[in-house]
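2 protein chains.
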Amino acid sequence: MATVTGETCATQETSVRHRVSPLLTDLYQFTMAYAYWRAGRHNEHAVFELFFRDNPFNGGFSLFAGLSDCVQFLRDFCFTHEDVEYLRTVLPSNTHPDFFTYLKTLDSSGVSVSAVAEGTVVFAQVPLLEVSGPLAVVQLLETSLLCLVNYASLVCTNAARFRLAAGPKLRLMEMGLRRAQGPDGGLTASHYTYIGGFDLTSNALAGRLFGIPVAGTIAHSYVTSFTSLEEVCPKTLMPLRGGDPVELVPLVKDWLGRVCQLLGANPQQVREGELAAFLSYAIAYPCNFLPVIDSYNVSSSGLPSFCAVALVLCELQYQPLGVRLDSGDLCSQSVEVRNVFRQCSKHFSVTAFESLIIVGTNSISEKSLSELKKRDNEIDVVGVGTHLVTCMSHPSLGCVYKLVEVGGRPRMKLSEDPEKSTLPGKKAIYRLLDTDGHPQMDLIYLSEEPAPKVGEPVTCHPLGSVKAVQSITPAHVTSLRLEVFSQGKIMHPLSSAYESRVHAQTSVQALNAQHKKLEGPESYTVAVSERIHSLVSDIRRGNS
Amino acid sequence: MATVTGETCATQETSVRHRVSPLLTDLYQFTMAYAYWRAGRHNEHAVFELFFRDNPFNGGFSLFAGLSDCVQFLRDFCFTHEDVEYLRTVLPSNTHPDFFTYLKTLDSSGVSVSAVAEGTVVFAQVPLLEVSGPLAVVQLLETSLLCLVNYASLVCTNAARFRLAAGPKLRLMEMGLRRAQGPDGGLTASHYTYIGGFDLTSNALAGRLFGIPVAGTIAHSYVTSFTSLEEVCPKTLMPLRGGDPVELVPLVKDWLGRVCQLLGANPQQVREGELAAFLSYAIAYPCNFLPVIDSYNVSSSGLPSFCAVALVLCELQYQPLGVRLDSGDLCSQSVEVRNVFRQCSKHFSVTAFESLIIVGTNSISEKSLSELKKRDNEIDVVGVGTHLVTCMSHPSLGCVYKLVEVGGRPRMKLSEDPEKSTLPGKKAIYRLLDTDGHPQMDLIYLSEEPAPKVGEPVTCHPLGSVKAVQSITPAHVTSLRLEVFSQGKIMHPLSSAYESRVHAQTSVQALNAQHKKLEGPESYTVAVSERIHSLVSDIRRGNS
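Protein chains in written order, with my numbering: chain A, 57 to 600; chain B, 57 to 600.
Certain hints may be false.
In this list, chains with the same sequence are indistinguishable; a pair is considered to hold if it fits within one copy or across any two.
Stated by the list, open to error - Listed next, the in silico DSBU-like pairs over lysine-lysine satisfying Cα-Cα at most 35 Å (straight line): (1) Lys476 - Lys291; (2) Lys225 - Lys429; (3) Lys573 - Lys423; (4) Lys309 - Lys402; (5) Lys423 - Lys572; (6) Lys160 - Lys291; (7) Lys545 - Lys509.
It is worth saying that the hints were derived from the structure and are not from the lab.
As the structure is a computational prediction, the values presented were derived from the model and not from experiment.
From just these sequences and the hints, can you work out the full model?
Take a look at the structure:
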């Protein structure tokens, strides 16, 4: 299949993106930090965990994303003089002045982070990030880390679901910038939908920053800006393989007549402005001709105009790319368009028309994409905007960041809502794979417990299950998290967006079919060790 | 009512926010700009309009927001050397090198913008921004302007609806940073929900950048980080009006015993860690004591602990502020809490307990807020996060940016979907007010037409209506838009967030009740002049 015009892949990521301010957090993080500092507890060693409580989109899995943003935020974490002066104006007036001096000394040199790899399939309740370090510092990090993980993981998961709905061959293009939550929302969407399985973005800055292939040709405004063929300028084009420039206006009029005759279309109904716009664009970019053809009417104007201009290009040895449909019934129109391409190919003996692509962009949702796949259609590339970036059917992942240990003591929250309770203690997370390598169960252990061993049965307690206890003999055991940040430093080179995308696709592929079903998936088992189970009981009884 | 602790209002806006890159746009803007440039049309004078097609949330109105971001973006609009070098790598290889030189010369000195004031009530189909200038430049601006207006207006409208649901007295606090689309999404949300009618934000950076009052005290992690009263440090507090430091641990134990006796509570069920956390925070911030009281159990632990510590503070002449509830049934709990406050006030003769406030924060939506208002409750402040910032029930406004005139010729798009058609021509927008000053109808005229006059009947064509034509005699006529940007310069000082908020509230207040109803509002009339109506018919017939 031909590529979409303009598509390219920058080879390196740059660092043009802005630093996230450590003030980008909730005020209560500072009042708490102050209270810890006042009590002399600010340097107590604390452990927080970041996790979410339910898979989004009524799905069976999620993808973890946002890690590279988190570790870059951590590496750069420090307060400027101006930050601290602002805090002085908003914290209660009796805040001790030495606290502001203390804030100016803070950095992430005492912080360690263990995390799941960017783009890994993950499940509800499993701690994805473990952040440990001085109590006041790791408390201050809460909101920023949540902000960086929540939407990244949500939109990455959404993209993975669109990819599953689309199947492996249909190309997917993200074009949601104008519908995202402001500039950074749009960048985050482009970055993480690519990791989740999209192929292209319309967002030029995302292309520059993350090396994502970018694509795009023309919009309706370009088409409607033309009125007549007199506006076409220059009016000539050199054939691809050389020769004298050719006058195109008479040529395109001639081809339009022949196309209309072939299709039984009325040349009077062809908008001259649309034909002029197509011709003008083709002269500017003869190797990248892919116009939007529904500015007026596809059958009577857009399609005959496209064919006429594309045939002109073919005559001059150029390969036109295809068309974009942006309204109406995409399936039936794509079939009509493909038939016309085949008629032209046969009648005018232009094999180039056999490889033209059809791009569809019209409020595509996961549901409409699934439906589209079930119907006859000839669409090669789907562009998705609003439904993808707003995650319309489930617009928040609801990640939380909870204290699980301080000063070596396991901690938990009970709450008025049982589902808002947390799991106490510093942990290790294991993923058991079945004999075929599919993820089978995630096991949450205390970090001090010995790891489960292949072939040795373990007893565990599935979360959210009526089954009180379960025994399983692991076939393969993998450790789910890795230390990614320590003593103020990023421990491993950051994955490029491309590398994370490959990992994400591999990770989704490895899932059992019943867990990756888009509707009615089987629930994946996440279980805790007997020791954690006992610890929870102890704390509930008020013994810890 | 007492203020929420930590609340403050910085008096000036700073400019710490990052410049929006002109690369934050769709690639097709560049391919189109090239094609215009190649055809020598790049400097043709063009007029684009930004509008949306439906009011969000099934509502009867919207608020326009994002204008100050737009004009700042325009003022700073230019491409860096690095931007242009990146574009060289992604545009088709036959792009003429002179085009990149041309890009480096671009700025907004030829651009003019006429716009509705930030925070004004607006309606679907009405052009909110008119952007005019050289065709290639105003085309390049499309995606960035859409990105800056779409979410700002949506979330501002959402906030205004929460304000209407809450009534004028209930204080509203935005706390959605962790659930927004990344850092900038969170900032945009805090900024524009304040303009829409919220009183406070938890977002410290938004406080710094926009002068929004910020608030916050403590989270569950602070509470669960304590185990025993031994961790309280320092253990003494000076009375507010002077005197020797007082040992607080024996005092709080004494008060806890008296409170438990009064309430019939079991002191054994009080979590010592929770009591210690409250006491420790109260020592740090004795004038700002407002803890979250549901970390374990409100009735048996959180509430008695709060009362004991608050009574200690009262004994030392401090005024405790109140409590926060974050789970369970907020209404019934708030009533229980208020009753306990009244019992304590009466029994212990502490009038300070009469003015304690109750903050509720638990997945509040517009619907649950409306329901809460109908039930008995004692909540003074509501904190809203996810539902507010994700605009869950309608997560995209769907603004579009359409070419309406080029080289003095009116342009329009017809499309396969009739509702995607546009209105041609450069326009003037008038709002007619009824004799009581309520908005009655928005009239869309061609800019060359004389304005409607008070007392003189005008004939117009309501949009989306079966009524083909209507006659109305205006009582008051106002011009809805103002020139806000011209020749590269911002024409009026930017409104502060506070000023825009006042304007927004006045604008919503002025609406007729039937237009601001949250459910089943009456549709507001937007009509076009006879001249526009004729122009549309001409273009549909292919005559323009």
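At 35 Å max between alpha carbons, let me know whether Lys423 reaches Lys572 within a copy, between copies, both or neither. both (16 Å within a copy, 33 Å between copies)
Is the C-alpha distance from Lys309 to Lys402 at most 35 Å within one copy, between copies, in both cases, or in neither? within (20 Å within a copy, 93 Å between copies)
When Cα atoms must be at most 35 Å apart, do Lys573 and Lys423 count as within-copy, between-copy, both, or neither? Both: 13 Å inside a copy, 32 Å across copies.
How do Lys225 and Lys429 come out at 35 Å by Cα distance, when the copy is not named: within, between, both, or neither? within (11 Å within a copy, 52 Å between copies)
Copy assignment of Lys476 with Lys291, given that the CA separation must stay at most 35 Å: between (68 Å within a copy, 32 Å between copies)
Reference check for the pair Lys160 and Lys291, CA-CA at most 35 Å: within, between, both, or neither? Only across copies: Lys160 and Lys291 sit 27 Å apart there, 65 Å inside one copy, limit 35 Å.
Is it within, between, both, or neither for Lys545 and Lys509, if the alpha carbons may be no more than 35 Å apart? within (32 Å within a copy, 69 Å between copies)
Of the numbered hints given earlier, the model fails none.
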